[in-house]
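There are 2 protein chains.
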Amino acid sequence: MRASRYLIATQKETPSDAVVISHQLMLRAGMIRRLASGLYTWLPTGLRVLRKVERIVREEMERAGALEVLMPVVQPAELWEESGRWQQYGPELLRIRDRHGNAFCLGPTHEEVITDLIRNEVNSYKQLPANFFQIQTKFRDEIRPRFGVMRAREFTMKDAYSFHDSADSLQETYDVMYNAYCRIFERIGLDYRPVLADTGAIGGSSSHEFHVLAQSGEDDIAFSTDSRYAANVELAEAVAPGGARPEPSCEMQEVYTPGQKSIPAVNDFLKADPAHSVKTLIVLGECTQGETPPLLALVLRGDHDLNTLKAEKLAGVASPLQFAPESRIAEELHCTIGSLGPVGMEIETIVDRSAAHLADFICGANRDDYHYTGVNWNRDVKLDRIEDLRNIVTGDPSPDGRGTLEVRRGIEVGHIFQLGDKYSRAMNATLLDENGKEQLMSMGCYGIGVSRIVAAAIEQKHDSAGILWPEAIAPFQLAIVPINMHKSDRVRDKCEHLYEFLRSRGIDVLLMDESKARLGAMLADIELLGIPHRVVIGDRGLEKGVAEYKGRADSEAQDFALSQLETVLLEKIDR
Amino acid sequence: MRASRYLIATQKETPSDAVVISHQLMLRAGMIRRLASGLYTWLPTGLRVLRKVERIVREEMERAGALEVLMPVVQPAELWEESGRWQQYGPELLRIRDRHGNAFCLGPTHEEVITDLIRNEVNSYKQLPANFFQIQTKFRDEIRPRFGVMRAREFTMKDAYSFHDSADSLQETYDVMYNAYCRIFERIGLDYRPVLADTGAIGGSSSHEFHVLAQSGEDDIAFSTDSRYAANVELAEAVAPGGARPEPSCEMQEVYTPGQKSIPAVNDFLKADPAHSVKTLIVLGECTQGETPPLLALVLRGDHDLNTLKAEKLAGVASPLQFAPESRIAEELHCTIGSLGPVGMEIETIVDRSAAHLADFICGANRDDYHYTGVNWNRDVKLDRIEDLRNIVTGDPSPDGRGTLEVRRGIEVGHIFQLGDKYSRAMNATLLDENGKEQLMSMGCYGIGVSRIVAAAIEQKHDSAGILWPEAIAPFQLAIVPINMHKSDRVRDKCEHLYEFLRSRGIDVLLMDESKARLGAMLADIELLGIPHRVVIGDRGLEKGVAEYKGRADSEAQDFALSQLETVLLEKIDR
Numbered sequence: 015m016r017a018s019r020y021l022i023a024t025q026k027e028t029p030s031d032a033v034v035i036s037h038q039l040m041l042r043a044g045m046i047r048r049l050a051s052g053l054y055t056w057l058p059t060g061l062r063v064l065r066k067v068e069r070i071v072r073e074e075m076e077r078a079g080a081l082e083v084l085m086p087v088v089q090p091a092e093l094w095e096e097s098g099r100w101q102q103y104g105p106e107l108l109r110i111r112d113r114h115g116n117a118f119c120l121g122p123t124h125e126e127v128i129t130d131l132i133r134n135e136v137n138s139y140k141q142l143p144a145n146f147f148q149i150q151t152k153f154r155d156e157i158r159p160r161f162g163v164m165r166a167r168e169f170t171m172k173d174a175y176s177f178h179d180s181a182d183s184l185q186e187t188y189d190v191m192y193n194a195y196c197r198i199f200e201r202i203g204l205d206y207r208p209v210l211a212d213t214g215a216i217g218g219s220s221s222h223e224f225h226v227l228a229q230s231g232e233d234d235i236a237f238s239t240d241s242r243y244a245a246n247v248e249l250a251e252a253v254a255p256g257g258a259r260p261e262p263s264c265e266m267q268e269v270y271t272p273g274q275k276s277i278p279a280v281n282d283f284l285k286a287d288p289a290h291s292v293k294t295l296i297v298l299g300e301c302t303q304g305e306t307p308p309l310l311a312l313v314l315r316g317d318h319d320l321n322t323l324k325a326e327k328l329a330g331v332a333s334p335l336q337f338a339p340e341s342r343i344a345e346e347l348h349c350t351i352g353s354l355g356p357v358g359m360e361i362e363t364i365v366d367r368s369a370a371h372l373a374d375f376i377c378g379a380n381r382d383d384y385h386y387t388g389v390n391w392n393r394d395v396k397l398d399r400i401e402d403l404r405n406i407v408t409g410d411p412s413p414d415g416r417g418t419l420e421v422r423r424g425i426e427v428g429h430i431f432q433l434g435d436k437y438s439r440a441m442n443a444t445l446l447d448e449n450g451k452e453q454l455m456s457m458g459c460y461g462i463g464v465s466r467i468v469a470a471a472i473e474q475k476h477d478s479a480g481i482l483w484p485e486a487i488a489p490f491q492l493a494i495v496p497i498n499m500h501k502s503d504r505v506r507d508k509c510e511h512l513y514e515f516l517r518s519r520g521i522d523v524l525l526m527d528e529s530k531a532r533l534g535a536m537l538a539d540i541e542l543l544g545i546p547h548r549v550v551i552g553d554r555g556l557e558k559g560v561a562e563y564k565g566r567a568d569s570e571a572q573d574f575a576l577s578q579l580e581t582v583l584l585e586k587i588d589r
Numbered sequence: 015m016r017a018s019r020y021l022i023a024t025q026k027e028t029p030s031d032a033v034v035i036s037h038q039l040m041l042r043a044g045m046i047r048r049l050a051s052g053l054y055t056w057l058p059t060g061l062r063v064l065r066k067v068e069r070i071v072r073e074e075m076e077r078a079g080a081l082e083v084l085m086p087v088v089q090p091a092e093l094w095e096e097s098g099r100w101q102q103y104g105p106e107l108l109r110i111r112d113r114h115g116n117a118f119c120l121g122p123t124h125e126e127v128i129t130d131l132i133r134n135e136v137n138s139y140k141q142l143p144a145n146f147f148q149i150q151t152k153f154r155d156e157i158r159p160r161f162g163v164m165r166a167r168e169f170t171m172k173d174a175y176s177f178h179d180s181a182d183s184l185q186e187t188y189d190v191m192y193n194a195y196c197r198i199f200e201r202i203g204l205d206y207r208p209v210l211a212d213t214g215a216i217g218g219s220s221s222h223e224f225h226v227l228a229q230s231g232e233d234d235i236a237f238s239t240d241s242r243y244a245a246n247v248e249l250a251e252a253v254a255p256g257g258a259r260p261e262p263s264c265e266m267q268e269v270y271t272p273g274q275k276s277i278p279a280v281n282d283f284l285k286a287d288p289a290h291s292v293k294t295l296i297v298l299g300e301c302t303q304g305e306t307p308p309l310l311a312l313v314l315r316g317d318h319d320l321n322t323l324k325a326e327k328l329a330g331v332a333s334p335l336q337f338a339p340e341s342r343i344a345e346e347l348h349c350t351i352g353s354l355g356p357v358g359m360e361i362e363t364i365v366d367r368s369a370a371h372l373a374d375f376i377c378g379a380n381r382d383d384y385h386y387t388g389v390n391w392n393r394d395v396k397l398d399r400i401e402d403l404r405n406i407v408t409g410d411p412s413p414d415g416r417g418t419l420e421v422r423r424g425i426e427v428g429h430i431f432q433l434g435d436k437y438s439r440a441m442n443a444t445l446l447d448e449n450g451k452e453q454l455m456s457m458g459c460y461g462i463g464v465s466r467i468v469a470a471a472i473e474q475k476h477d478s479a480g481i482l483w484p485e486a487i488a489p490f491q492l493a494i495v496p497i498n499m500h501k502s503d504r505v506r507d508k509c510e511h512l513y514e515f516l517r518s519r520g521i522d523v524l525l526m527d528e529s530k531a532r533l534g535a536m537l538a539d540i541e542l543l544g545i546p547h548r549v550v551i552g553d554r555g556l557e558k559g560v561a562e563y564k565g566r567a568d569s570e571a572q573d574f575a576l577s578q579l580e581t582v583l584l585e586k587i588d589r
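Protein chains in written order, with this note's numbering: chain V, 15 to 589; chain S, 15 to 589.
Bear in mind the hints are in silico, worked out from the structure with no lab data behind them.
One or more hints might be untrue.
One copy or any two copies: either way a pair holds, since identical chains are not told apart in the list.
27 angstroms max Cα-Cα, derived BS3-like pairs, lysine-lysine [what the hints assert, rightly or not]:
(1) K285 - K530
(2) K275 - K475
(3) K140 - K501
(4) K396 - K475
(5) K475 - K327
(6) K140 - K530
(7) K451 - K26
(8) K26 - K396
(9) K26 - K140
(10) K275 - K501
(11) K396 - K275
(12) K451 - K564
(13) K451 - K530
(14) K586 - K26
(15) K475 - K501
(16) K564 - K396
(17) K275 - K285
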C-alpha cells in the first residue's frame, strides 16, 4: 500500500473520552472512529487488523471441521419466546418492531436461530455431530458502553454451535474446539490462558474462558507457574496444605483484648500473625419456605478471604449467600461480631481447609473484649466439617499438584460452553437415535470476540510511542521510509524497487511515498501504528551503501548493506 | 470438502412460497433457509457462493484504489436529520430506539455516516480524491419482501463513496468505478449491461445501473445490437427516422368513422396501418400558481407509446405529467377524446419525431365520428415543435448510430451515481481548495447488491435439473462421485487420491464420500447444486481403466482414461 493512496489518519492528541490505552491508541492510530455511544467505524488500518484476526479464526474453525454459515442480525421474537429468553434477557437485548408491528431483536447471540435451523434440517443421529460457525455483526445494548471496541454495542463475533446425540460426542467436539482456540490465540501471537469458568445458571458440565493477559483486564485469573492450570480466581480450588497438622504445643488461654474487634487489630494487640488466627463468619443456612433459617458458622484463616461462590454451593448453606443479621447473632450467640470464635459454638460450623490445618491459633472467645490463644482443633474445639471456603492467593499450591498459583489480570476474548439440552429442550430439537427413539440433542456453543481481540492485543503490548502488534495481525508488516523522495530519483528508485520486491513475496508493505512528509512525523506514525519492521532509505545512506532498519521493539536502529537488505528483511519478517 | 462432513441439505419438493426460480433453487439446493419474512440464513453452500462474489468485488475495488472500511449497521438519527432523510425516507427505513430512548435506524445505505466521517478527517484538497468501500449487512424494511434474497430485508451490499474537490475529479473516479464494475461482472461470468439510468430527484450529471440479463428481470432494458449502448427503456432516446419525410401523395379527406374511437378500431375500420396514423393526447401545460394551466397537445404515431418521463421534462409541460380532464377537452376543444387530431388544433402542439416523419396519415377530425385521411404536415397542419416523446421499440435505430435496439429484461445488481454536493451541502462537508478557499466536496456513490448477484446468476442460468453456476462463483468446482466406495477399496483409493491431488492444485472439490448414498441421488444433488464438473469412479470403469466425466452443461457424459484423468480435469477446470 502507498501512503499517498491510503488514509493514515493518526492523531497527536489523546482523546479525552478514551480511558483505556487500547481505546486511546486505536483512535490515535486511525483505526476506529466513534459514530455514537458504543458504535465505531473501522477505518482502513483498523479493518486490516480485524480482517487478519478473522482470517486466522476462520482457518482454524474450518480446520476443526466447523462449517461456516451466516445468520441474520435481526431475529424474530417468537424464537426467543420459545427459549424463554425474550423475558429473561435484560435490556441489553435491543427489542424492535418492524413496519407491520412485528417484534424482533438485534441478535446478541444466535442459539435460538441455529437451534431452529437444526431442528428442521437434522432428524437422525447419522447427521451428527455437526458444528456451525459464523463471523458476524452482533449487537448488545450496553447500559454504559466503554473502552472503545472492548465493550461496544455493535461488535464482530465468531460464534459456533455444535449438536450431538450424546454427552461423549459433545465432550469430543468441546475438546476439538478447546484445541482450536489455543491454536487461534497462539497463531495471533497473544499471551493467553484457557481458564476454567463458572457454568453459571445454565449448568452444563464444563466451560472455559480464554483470557488475554493484560494489566488492564477486568478479571482475576489464577494460574500455575508450572502447568497449564488456570481458573478464574473465584473458581480456583484452594487445596489443603500439605503434611499433617502440627501438634498442639501450648495450652488454650482466654486473654483480655479490650476494644479489639478486627483481625488486624487483635493480631497487632497480641503481636501475632493473622495467618495463625481464625475469623468466624455467621451466615444463613438453607431452610424450607416459611421457616426461620438456621445460623451457620464459617471459619477461615485470618489472612484469607471468603469465596462467596464456593460457600453458597455447599450443602446446607443458603444460596445466594446471606450474612446473618447482627440482631440474631446477639440474641442467639450472645456476643458481637468482633468476638466470635468456634470454641463452644453450638451451631453447625464449617472450617476452611487452611484454617483446619492450624495449631495453637487465636480466635474470638464469644465474649466481648476476649479472645483465646493457643487453641487447637479436636482438643479445644470440635472439627466436624472441612471445606474449601476461600479465595486462592498468590503462592498457593496449584490444584493439579504442579507448581504454585499466580494471579494476573485477564481480558476475556473467548468462551466455550457445554450447553447440554438447555435450548434443545425448550425448543424441542430432537433426533431419532440408533434405536429409532426420539431424544433431545446436546449442544455446545463457542464464542470469540473478534473485534475485542484487536483491543486486547493492544492492552497486552504497547509502549509510550504506540502499539506493538504481534506480527500475524499487524496492519502492515513493514514500512519503507524514504528521505526526501521527491528530491532524489535514487531514493525513489530504491524504495520503489524494494516495495515491489517485498510485495512480490507476499509481504504487506506500506510505502511512505507522500512527498514532503517530514521524516520524524513518518517515523512517529509508524511507531504509533505498531508496524513491526521499518527501513529508512536516504541519499546519505545510499552513498555509504546502507539502509537503516529498526524492529518496532528494538531499542536501536541498525544499518544493513544494500546488497544484503532484501535477504535480511525476508529473514526478519515472520511469514 | 467431504460430503460426510458437510451439510448438503437439498430438497426434492419445490417450496410452495417461492415464486421465482432462483428462490426455489436456492431453497432446494440447500443454499438458504427462511428465518422470517425477508430474513434468510445462508447455509454453507450458499455462503460459499456469496463469499466468492464478495472476494471478486473486494479485489476489484482494491485494484480500483478504493480503501475498505466498516461502518456500523446501527446509525444515529441525528445524522439522518442533518441530511433531511429522516423525514424523507419512507417506512423502509427501520427506525428504532435504544434502552435510553435515543433514536437510531438500521442502515439501508451509508451516505450520512461516511460524509460525517470524511468531513472530520479531510480538510484539504490535497487529501482528495478518496474512495471508501465496505461489504456489509444492510437492512431495508420492505413492505412485501419477496423473491428470496432478491428482495430481502437484510442483505449484503458493497457500497462505496468517493469524495472530490472538482467535478472533473468526480468524473475520473466515476469512470474508474464504471470499469471496475465491468470487470467484476465479467469475472463473475455474467451476461450484463451497464445501463444509462435516470438521475431522479437527486439530479447529478450521470448514473449507470448494471443489469444482469434474465427473462425474470423487473426492468426493461434497451440495448444496441452492435455497440455498448444500453439504457432503461424509459430513458432510451428514440431518434428521428433517417432520410427526408416522404412527399404528400394524396389529398386530405374527412371520412365518417361512426363509433370508432381507439387507434386499433379506427385503423381496422379504415383497413389502415396504425403506423400511418397519429394519436393526439391532451395534457396540462406549466403555469404560475393559481392560474388555470393551459392545454397542450402531444402527437404520436398510432403504434407508439407516450414516454411520460420524456414528456414531463419538456419546457412548457407540467411535471409530473397530467392528462387534461375530459370536461376541459369537451369545453375548449369541442369534441371527445377518441376524435382528437392536430388539424386545426388551436392549442400548442408537440409532435413526436416519428409522427413528424409521416406523410398521408390518418388522424381525428376534432369532430365526433369523423377522421381525416391523407393528412400531411405543413400542407394541412402546422408543424411547430418536434420532440422525442415516445418509448423506444425493438428495431429502433440505436441512439449512438450503431445497430438497432433490442429490449430485454434485466435484474439491477449495481448502481453508480454522481451525487454532486447533495450530502456535502446538507451536512456541510467542506475543504480548503488550492487558494485556501472553503468549498463543498463533490461525492459519488457506488453500490453492488452482493447477495442479489447470487440470485441473479441463477435467474440467468439454470435448467430443469438445477443451477448452472458461472465457474468463478460455483460453491464447488468439481465433484468426485464414487460408486459403492464403502465396498471397494480400489474405488476409495482412487477417489481419495484424486481428491487430494485436485485440492493440492487449489481446486474446490466436493468428495461424495457418504457411504451407502445412491448414485442417482448423488448425481441429482450435484446437478441441483450446479457444480460445473463431475467425475464418477466405479469398479466397472476402473477395470476398463476409465472414469466418467460430465460438465454441468454437457448433454452427454464422456469416459477418460485414468492415466490422463488429472490432466484432462485440470484443462477443463477454469482456474
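Identical-chain pair category, K26 with K140, by Cα at 27 angstroms: between (60 angstroms within a copy, 20 angstroms between copies)
Intra/inter-copy verdict for K275 and K475 if alpha-carbon distance must be at most 27 angstroms: neither (45 angstroms within a copy, 85 angstroms between copies)
Status of K501 relative to K475 across identical chains (alpha carbons, at most 27 angstroms): neither (37 angstroms within a copy, 56 angstroms between copies)
27 angstroms Cα threshold - placement of K396 relative to K26: neither (67 angstroms within a copy, 75 angstroms between copies)
Within, between, both or neither: K285, K530 at alpha-carbon 27 angstroms: neither (72 angstroms within a copy, 81 angstroms between copies)
Identical-chain pair category, K140 with K501, by Cα at 27 angstroms: Classified as between: cross-chain Cα gap 19 angstroms, same-chain 70 angstroms, threshold 27 angstroms.
27 angstroms Cα threshold - placement of K327 relative to K475: neither (38 angstroms within a copy, 63 angstroms between copies)
Status of K285 relative to K275 across identical chains (alpha carbons, at most 27 angstroms): within (15 angstroms within a copy, 119 angstroms between copies)
Homomeric proximity label, K140 with K530: Cα distance no greater than 27 angstroms: between (67 angstroms within a copy, 12 angstroms between copies)
Alpha-carbon proximity context of K451 and K26, limit 27 angstroms: between (67 angstroms within a copy, 26 angstroms between copies)
Same-copy or cross-copy closeness of K586 to K26 [CA-CA at most 27 angstroms]: neither (30 angstroms within a copy, 56 angstroms between copies)
Within, between, both or neither, where K396 and K475 count as close if Cα-Cα is 27 angstroms or less: Neither, since 53 angstroms and 85 angstroms both go past 27 angstroms.
The earlier numbered hints that this structure contradicts are 1, 2, 4, 5, 8, 10, 12, 14, 15, 16.
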